[in-house]
Amino acid sequence: MTSYATPSGRPTDDWPTDERTARAVQDALRTRVVLDETGPPPGTGHVTGVDVAYDDERDVVAAAVVVLDAATLDVVEEATAVGTVTFPYVPGLLAFREIPTVLSALDGLRSDPGLVVCDGYGIAHPRRFGLASHLGVLTGLPTLGVAKNPFVFSYEDPAARRGSAAPLLDGTEEVGRALRTREGVKPVFVSAGHRVSLSNACAHVLRLTPRYRLPESTRRADALCRSALREVAG
DNA sequence: GCGACAG
DNA sequence: ATCTTGTCGC
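Just so you know, numbering that gives the first Met the number 0 puts 14 at position 15 of the first sequence, and the rest follows in order with no gaps.
These aren't lab readings, by the way, just hints derived from the structure by calculation.
Here a beta-carbon is modelled for each residue, glycine too, at the ideal position from N, C-alpha and C.
Worth double-checking, as some hints may not be accurate.
Label pairs and their calculated CB-CB ranges [stated by the list, open to error]:
{"#": "1", "residue 1": "E36", "residue 2": "Y211", "range": "26 to 32 Å"}
{"#": "2", "residue 1": "E18", "residue 2": "R160", "range": "22 to 28 Å"}
{"#": "3", "residue 1": "P157", "residue 2": "D26", "range": "31 to 37 Å"}
{"#": "4", "residue 1": "P40", "residue 2": "G162", "range": "15 to 21 Å"}
{"#": "5", "residue 1": "R212", "residue 2": "A23", "range": "34 to 40 Å"}
{"#": "6", "residue 1": "E56", "residue 2": "P209", "range": "32 to 38 Å"}
Keeping only pairs whose Cα atoms sit at most 20 Å apart, straight-line, the calculated EDC-like set for lysine to aspartate or glutamate is [to be verified]:
{"#": "7", "residue 1": "K185", "residue 2": "D156"}
{"#": "8", "residue 1": "K147", "residue 2": "D111"}
{"#": "9", "residue 1": "K147", "residue 2": "E182"}
{"#": "10", "residue 1": "K147", "residue 2": "E173"}
{"#": "11", "residue 1": "K147", "residue 2": "D221"}
{"#": "12", "residue 1": "K185", "residue 2": "E155"}
Produce the entire structure from the sequences given, and follow the hints as far as they go.
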């Protein structure tokens, strides 16, 4: 079993607790993001969904990882982990709130995660180092981000049919893509995390959304982390 | 200076 | 993220 919670960014010891340090960590690790790889072929191997749920009253956080067969979208394996919230929600620093517990959940897997699909952004980030990129650099796994909101970026509404896309822009730079996963429904916002190209990231997301707006991987992980949270809290 | 701002 | 009733639709 591979251990993810121990490498360069341990979730306990050298994990930032203040914003100043957290931004410095992002600036230091962003140089390790790999963008010149195409990533695993869509529809092959495993695709793992990751999500986290909170109980702010008790500072409890529950993470879930669900491994799917990329071809059939059948569940191959699941794992959860419960931890303590050690970082507040600060736009741009989401990774420091979620990653420690996610790494613990990944440690509970026996299967190869394959491509990891995160709830949030990859390089579509003020410092080009969002949650998905951060998780990718710490684990070495290929990752991509799927967000439900455009964050600080702009975009023009893509055509109504499923599969249509429009650039997600930071000024004139394309940092991701607004991708229509369901006809006439608000698009999702996809960005490359680590070791995956933007176009392949979109191809993966389309394969993961045969029926709903959000990827099957994140829907599965969302349901799992919520039930995991209920088992330890309210 | 003030507001906006992934989850 | 989370707090929450009813309601429209397959």
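Taking the hints in turn, this is what the structure says about them:
The given range of 26 to 32 Å is respected by E36 and Y211, whose C-beta atoms sit roughly 28 Å from each other. With their beta carbons about 42 Å apart, E18 and R160 fall outside the hinted range of 22 to 28 Å. Checking the proposed 31 to 37 Å range against P157 and D26 shows it holds: the Cβ atoms sit about 32 Å from each other. For the hinted restraint 15 to 21 Å between P40 and G162, the CB-CB distance of approximately 18 Å keeps it satisfied.
Judged by the Cβ atoms, the range 34 to 40 Å given for R212 and A23 holds: they are separated by roughly 36 Å. Evaluation of the 32 to 38 Å hint for E56 and P209 yields a pass: the beta carbon distance comes to about 37 Å. Only pairs whose Cα atoms come within 20 Å are accepted, and K185 paired with D156 is accepted, the gap being roughly 9 Å. In summary, the hint linking K147 to D111 is not supported, as the alpha carbons are separated by about 27 Å, beyond the 20 Å threshold.
Restraint check for K147 and E182: the C-alpha separation of about 16 Å stays at or below 20 Å, so the hint holds. The straight-line distance between the Cα atoms of K147 and E173 is roughly 17 Å, inside the 20 Å bound, and the hint therefore holds. Between K147 and D221 the CA atoms are separated by roughly 13 Å; this keeps the pair inside 20 Å, and the hint holds. In summary, the hint linking K185 to E155 is supported, as the alpha carbons are separated by about 12 Å, within the 20 Å threshold.
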